[in-house]
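2 protein chains.
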Amino acid sequence: MTIRRLAIIGVGLIGGSLARALRAADAVEEIVGCGRGRDNLQRAVELGVIDRYTHDVAEAVSGADMVFLAVPLGAMRETFAAMQGHLAADAVVTDGGSSKYSVIEDCRAVFGEVLPNLVAGHPIAGTENSGVEASFAELYQNRRIILTPTEATSPDALARVQAMWQACGAEVTLMSVEHHDEVLAATSHLPHMLAFGLVDTLARMKENDEIFRYAAGGFRDFTRIASSNPVMWRDVCVANRRALGKMMNHYLGEMQELAETIERGDGDALLEIFSRAKRARDRYIDGVLDSTE
Amino acid sequence: MTIRRLAIIGVGLIGGSLARALRAADAVEEIVGCGRGRDNLQRAVELGVIDRYTHDVAEAVSGADMVFLAVPLGAMRETFAAMQGHLAADAVVTDGGSSKYSVIEDCRAVFGEVLPNLVAGHPIAGTENSGVEASFAELYQNRRIILTPTEATSPDALARVQAMWQACGAEVTLMSVEHHDEVLAATSHLPHMLAFGLVDTLARMKENDEIFRYAAGGFRDFTRIASSNPVMWRDVCVANRRALGKMMNHYLGEMQELAETIERGDGDALLEIFSRAKRARDRYIDGVLDSTE
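As given, the protein sequences belong to chains V and A, one line each in that order.
Okay, so the first sequence: first residue is 1 according to UniProt numbering, each after it adds one.
Okay, so the second sequence: first residue is 1 according to UniProt numbering, each after it adds one.
Treat the hints with caution; some may be incorrect.
Same chains, same names: a pair is fine if it fits in one copy or spans any two.
[Unchecked claim] In silico SDA-like cross-links for lysine to any residue, where the CA-CA straight-line distance does not exceed 25 Å: (1) LYS246 x ALA280; (2) LYS278 x GLU171; (3) LYS278 x ALA75; (4) LYS246 x ALA259; (5) LYS278 x GLN84; (6) LYS246 x ASP26; (7) LYS246 x LEU158; (8) LYS206 x HIS55; (9) LYS246 x MET175; (10) LYS246 x GLU178; (11) LYS246 x GLY112; (12) LYS278 x SER130; (13) LYS206 x GLN166; (14) LYS278 x ARG224; (15) LYS278 x LEU252; (16) LYS278 x PRO72; (17) LYS206 x PRO230; (18) LYS246 x VAL231; (19) LYS246 x GLN84; (20) LYS246 x GLY218; (21) LYS206 x ALA163.
In short, the hints are calculated from the structure, not lab data.
Generate coordinates for the entire structure from the input sequences, incorporating the hints supplied.
Shown next as structure tokens:
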């Protein structure tokens with residue numbers, strides 16, 4: 001599999017690492033970067049991540065046979081609009097957003113249909129750093145990539161995106177749009193909400209200075225994700241509001257029961273809950289994550 | 001300050017580290033360990049953490065001028081009962097439990113009063129490891145110790161406990177019982193409930209195997225505390241149910257609002273919440289914790 005010309009819209013950690021991985025695998029001939037920040041794009045050229053750049057989406061996608069969208073979810077629709085009429089007939093479009101329903105709806109809103117050559121996707125990979133400087137060729141090695149083809153998706157387009165990710169050393173899984181959005185709401189979006197919500201609740205309490213002063217190391221680990229990019233998370237919440245809202249209400253119902261169990265001091269019920277959670281975490285999470293890292 | 005004979009009931013990470021720190025500071029003459037597990041106590045002698053041991057609380061505290069209780073909160077009352085009638089007149093009793101109201105109530109229930117020589121306390125320190133093997137002399141270096149004297153507490157007893165912790169390199173803060181329990185509910189107990197509750201909620205969903213499979217590294221960090229000791233946490237919840245129940249209801253109210261904000265897709269309100277949380281975390285938490293570690 002060789003990509004003739006790859007257009008990357010948004011050359012940061014995710015887009016830059018895809019470029020580096022494909023170059024390392026000798027699976028791409030030319031890479032065109034596109035974005036707003038000139039310094040970042042120039043740095044990307046200096047680092048050899050991209051061959052050239054433009055600030056114009058239409059120009060970036062012209063003549064590309066593969067287009068990768070690594071823009072915030074809130075910028076997807078305008079990005080589709082900017083490329084309309086400029087895509088080559090055989091160009092495949094894919095993305096890295098963490099909500100898939102919204103990306104497909106953005107495509108439909110702009111093009112009036114879900115493009116057969118759109119393969120919505122989501123690499124389950126990342127670090128806490130951002131920008132092209134933070135990108136590296138091994139980011140996707142042995143990591144999971146979820147692709148969410150619809151009925152409209154062309155099998156050839158799907159096969160090309162699948163091959164692209166496999167060239168990066170990733171493991172590709174296919175999933176329905178709805179199921180992807182539910183799984184991500186549970187494992188990523190909800191935990192971020194809990195951490196943002198916890199820090200915000202404490203910050204709004206009187207004497208918050210003092211409260212934070214007595215927070216120990218565990219609290220820092222637990223709330224690290226509350227230092228994530230607020231704009232990105234606003235976009236994720238709005239984009240995935242259906243699945244995330246449902247998941248949050250489910251969780252809050254369970255927590256309401258836990259609060260009542262604590263208030264009535266029911267030690268047996270608490271021990272059962274905590275033991276079940278510990279077993280689940282020890283069995284699934286470490287096992288599963290260790291095998292992929 | 002020199003302790004003539006220190007009795008440590010519960011020779012694990014917390015009790016063992018106190019012993020090591022006081023020895024390193026040359027602030028104690030003799031240390032008697034007490035606990036149920038013979039292997040652990042024998043290992044404590046071999047490591048030089050304690051001089052000798054007994055399984056009998058009454059014997060351990062006899063002739064001690066300082067008694068440190070490092071037993072689970074659920075075992076405090078029976079431990080007070082076991083030492084009744086065996087404490088020397090000048091013996092000071094202190095502890096390391098993460099809830100202070102319950103310890104004071106346990107003392108009152110056994111002795112019919114809050115002992116003037118009881119100085120309830122709580123070192124804000126620990127690691128994920130347990131047992132005497134995990135203990136080390138530097139655990140309390142530059143860490144905060146909260147002491148919660150009541151009206152009944154003798155100033156001399158308080159001064160002796162304060163001096164003991166200062167000899168370990170710790171920074172001692174005085175706080176009311178109620179305030180301690182609220183602060184710990186907010187910064188430690190509540191986060192543990194959120195993590196236990198999240199893992200348990202996911203574990204009880206159908207297809208939980210698959211959900212955990214797509215959890216990324218951030219999820220592992222966030223839920224690490226759900227692998228904590230379930231028995232210990234049952235005890236903490238029951239002991240601090242008043243403050244923790246109140247704090248959980250406060251948090252759940254805020255999260256209910258957040259869920260509604262997400263469901264109506266109110267991006268401006270979400271951006272405000274996430275930005276405020278990020279600012280609070282970046283400003284307070286890293287700053288405060290960095291200065292103490």
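Hints versus structure:
1. LYS246 x ALA280: within (22 Å within a copy, 28 Å between copies)
2. LYS278 x GLU171: Cα proximity of LYS278 and GLU171: none, with 28 Å in one copy and 33 Å across.
3. LYS278 x ALA75: Between copies only: 22 Å across chains, 39 Å inside a chain, cut-off 25 Å.
4. LYS246 x ALA259: both (20 Å within a copy, 9 Å between copies)
5. LYS278 x GLN84: neither (50 Å within a copy, 36 Å between copies)
6. LYS246 x ASP26: neither (43 Å within a copy, 59 Å between copies)
7. LYS246 x LEU158: Intra 30 Å, inter 52 Å, cutoff 25 Å: neither.
8. LYS206 x HIS55: For LYS206 and HIS55, neither the intra-copy (46 Å) nor the inter-copy (46 Å) Cα distance is at most 25 Å.
9. LYS246 x MET175: within (19 Å within a copy, 41 Å between copies)
10. LYS246 x GLU178: Classified as within; 12 Å inside a copy, 36 Å across copies.
11. LYS246 x GLY112: neither (28 Å within a copy, 51 Å between copies)
12. LYS278 x SER130: This pair counts as between: shortest inter-copy Cα distance 16 Å, intra-copy 33 Å.
13. LYS206 x GLN166: For LYS206 and GLN166, neither the intra-copy (52 Å) nor the inter-copy (29 Å) Cα distance is at most 25 Å.
14. LYS278 x ARG224: both (21 Å within a copy, 9 Å between copies)
15. LYS278 x LEU252: both (20 Å within a copy, 22 Å between copies)
16. LYS278 x PRO72: between (35 Å within a copy, 18 Å between copies)
17. LYS206 x PRO230: within (23 Å within a copy, 31 Å between copies)
18. LYS246 x VAL231: For LYS246 and VAL231, only the intra-copy Cα distance (22 Å) is at most 25 Å; the inter-copy one is 32 Å.
19. LYS246 x GLN84: neither (34 Å within a copy, 54 Å between copies)
20. LYS246 x GLY218: between (28 Å within a copy, 21 Å between copies)
21. LYS206 x ALA163: Answer is neither: 55 Å inside a copy and 31 Å across each miss the 25 Å cutoff.
In summary, the structure is inconsistent with hints 2, 5, 6, 7, 8, 11, 13, 19, 21 from the numbered list given earlier, while agreeing with the others.
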